[in-house]
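**Student:** Construct the complete structure from the given sequences, taking the supplied hints into account.
Listed in order, the protein sequences are those of chains A and B. Residue 1 is where the first sequence starts when you use the working numbering, and the numbers rise one by one after that. Residue 160 is where the second sequence starts when you use the working numbering, and the numbers rise one by one after that.
Don't read these hints as lab results, they were simulated from the structure. It is possible that some hints are incorrect.
Simulated DEER-style distance windows between Cβ atoms [claimed, not checked]:
no., chain 1, residue 1, chain 2, residue 2, range
1, B, P207, A, P25, 23 to 29 Å
2, A, S130, B, A268, 51 to 57 Å
3, A, I7, B, G391, 51 to 57 Å
4, B, Y200, A, S96, 42 to 48 Å
5, A, S96, B, A222, 38 to 44 Å
6, B, V175, A, V106, 21 to 27 Å
7, B, R240, A, I7, 51 to 57 Å
8, A, P25, B, T227, 16 to 22 Å
9, A, K151, B, G391, 55 to 61 Å
10, B, Y200, A, F156, 54 to 60 Å
11, B, S196, A, T129, 34 to 40 Å
Positions of the beta carbon are idealized from the N, C-alpha and C atoms, including for glycine.
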Amino acid sequence: MFANNGIIILFTLLIALMASIMPMPLNADVFRPDWVLIVLMYWCMALPGRVNIITAWVMGFLLDVLLGSVLGVHAAAMAMSIYIIVENHQKIRNFSIWQQALIIGVLAALYHLVVFWLQRFLIDVVFLTSYLYPVITTIVLWPWVFYLLRKVRRNFSIK
Amino acid sequence: MNPIFKHGPSPQHRLVLVLFCSALLIFFDHKMASFESVRGYLQSLVSPLQYLANTPKQLMTWASTNLTTRRQLMSENQKYRLNELNFHEEAMQLVMLKQENDRLRSLLASPLRSEIKKMVAEVISVDSDPYSHQIVINRGAGDGVYEGQPVLDALGIVGQILHVGQTSSRVILITDISHAVPVRVQRNGLRLLAAGSGQIDRLIHNFVPQSADIITGDLLVTSGLGGKYPEGYPVARVSFASNDESREFVRVFSTPVAQIDRLRYLLLLSEKEPQNIFAPKIQEKGPLTAIKPQEKVTN
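**Tutor:** This is the structure in structure tokens:
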């Protein structure tokens with residue numbers, strides 16, 4: 001995992017973890033994009049041999065610890081969304097950037113819904129549409145994250 | 160090197176394995192609660208990340224406190240001086256009232272109230288999971304924080320300690336959907352249960368009979384029943400009480416007194432001896448004897 005500048009992958013993932021727990025004002029907090037999911041998706045699409053479902057599950061587990069939810073909830077949802085990316089990475093790579101963004105949006109929505117369903121099953125939470133607001137910001141953010149991470153990957157020649 | 164033929168297990172196998180692990184974790188964490196001590200270690204493990212994530216905010220507050228004008232400082236100083244005078248005066252009366260209360264309690268042969276220890280903590284990161292209301296504070300088992308410890312801000316009850324790490328710990332707020340506080344109406348002593356609603360500005364009171372005397376604006380204080388929260392701290396103010404008599408129970412909502420959405424400095428209260436979760440189990444006898452007077456009060 002750490003050969004060929006693989007440590008950079010870990011570094012970007014840690015930054016994403018940090019961004020997803022950074023304190024923010026309550027109004028902006030609802031729109032916080034899924035940083036970890038978006039970064040994992042890029043790496044899965046670019047280097048499916050390096051970053052796979054197990055990595056996604058471990059990141060989801062760390063997110064569970066950081067957010068204080070029941071252990072395994074975010075991990076399962078993360079693994080499911082990443083599975084779809086890993087299975088179709090050859091196809092998604094060839095789409096244009098905004099088509100990719102839409103697919104990422106659908107997968108982000110799936111991620112949030114799986115988390116919601118599991119939470120609903122464990123503790124009786126009620127659905128608010130605000131739970132899906134992060135999907136919008138994730139779609140808008142994808143092109144920027146994509147170009148930034150591609151630059152990082154080429155710069156450090158991570159293979 | 161980019162192999163054309165993939166090595167290792169297929170994605171399907173990995174997914175099944177991982178989902179199985181998740182199911183096991185969810186079962187053991189939620190239904191059996193067998194991860195309580197492991198949670199402590201995990202919390203300690205990720206606390207550097209939390210401290211790091213908090214640095215931009217701390218830099219901003221540092222900058223804003225260092226860039227205040229002299230005039231601002233002077234006016235603030237004056238305000239604090241006036242406040243201090245007021246508090247001094249109230250404290251003088253408090254000493255007298257305490258003595259009087261102790262004397263009356265001893266006349267009634269009821270046990271004296273034990274002194275409550277306090278500790279100041281700062282919020283280091285606000286949880287972003289919309290399904291639960293939790294915050295992380297910068298005190299842990301090393302400072303004597305224990306699970307179930309009540310947490311206040313300057314105005315009222317905020318919540319209680321959920322998981323303790325070595326240098327940080329997690330607080331569950333009273334507005335969390337899985338949390339409830341036993342309270343009583345200050346005006347007439349009516350006992351209620353204040354359950355969290357998942358909304359930051361609302362607590363729900365279930366099963367309040369139609370005959371209950373409760374009106375909008377009533378202050379609810381902790382009743383001390385249940386043994387978690389000490390008696391008499393403000394919790395919420397009633398914001399809505401329906402008088403629809405066709406229903407079986409009155410619908411009562413209240414708004415927390417504490418500023419749940421802008422927490423920064425918190426107060427941790429401790430009545431019993433701190434018990435370190437990382438310490439060996441021999442200490443168990445200490446807290447048991449310390450709880451006893453508390454039990455008498457509730458009886």
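**Student:** Tell me if the beta carbons of Y200 (chain B) and F156 (chain A) are separated by a distance inside 54 to 60 Å.
**Tutor:** Cβ of Y200 (chain B) to Cβ of F156 (chain A): about 33 Å, so the range 54 to 60 Å is violated.
**Student:** Please check whether P207 (chain B) and P25 (chain A) have a Cβ separation lying inside 23 to 29 Å.
**Tutor:** holds, 24 Å
**Student:** Hint says 51 to 57 Å; check whether the CB-CB distance for S130 (chain A) and A268 (chain B) agrees.
**Tutor:** The hinted range 51 to 57 Å holds for S130 (chain A) and A268 (chain B), with Cβ atoms some 55 Å apart.
**Student:** Are I7 (chain A) and G391 (chain B) spaced within 51 to 57 Å by their CB atoms?
**Tutor:** Distance hint for I7 (chain A), G391 (chain B) holds at roughly 55 Å.
**Student:** Kindly confirm whether 16 to 22 Å is satisfied by the beta carbon distance between P25 (chain A) and T227 (chain B).
**Tutor:** Given range 16 to 22 Å: holds, Cβ gap about 21 Å.
**Student:** Check the following: the C-beta atoms of Y200 (chain B) and S96 (chain A) are separated by a distance inside 42 to 48 Å.
**Tutor:** Once the Cβ atoms are compared, 46 Å apart, the range 42 to 48 Å for S96 (chain A) and Y200 (chain B) holds.
**Student:** Taking the CB of S96 (chain A) and the CB of A222 (chain B), does the distance hold inside 38 to 44 Å?
**Tutor:** Since the Cβ atoms of S96 (chain A) and A222 (chain B) sit about 42 Å apart, the hinted range of 38 to 44 Å holds.
**Student:** Indicate whether the distance between the beta carbons of V175 (chain B) and V106 (chain A) respects the range 21 to 27 Å.
**Tutor:** Taking Cβ atoms as reference, V175 (chain B) and V106 (chain A) lie about 23 Å apart, which means the hint holds.
**Student:** Given the range 55 to 61 Å, decide if the beta-carbon distance of K151 (chain A) to G391 (chain B) lies inside it.
**Tutor:** Hint holds: Cβ distance 60 Å, inside 55 to 61 Å.
**Student:** Could you tell me whether the CB distance from S196 (chain B) to T129 (chain A) stays inside 34 to 40 Å?
**Tutor:** holds, 38 Å
**Student:** Can the suggested window of 51 to 57 Å be confirmed for the beta-carbon pair R240 (chain B) and I7 (chain A)?
**Tutor:** holds, 55 Å
The earlier numbered hint that this structure contradicts is number 10, and it is the only one.
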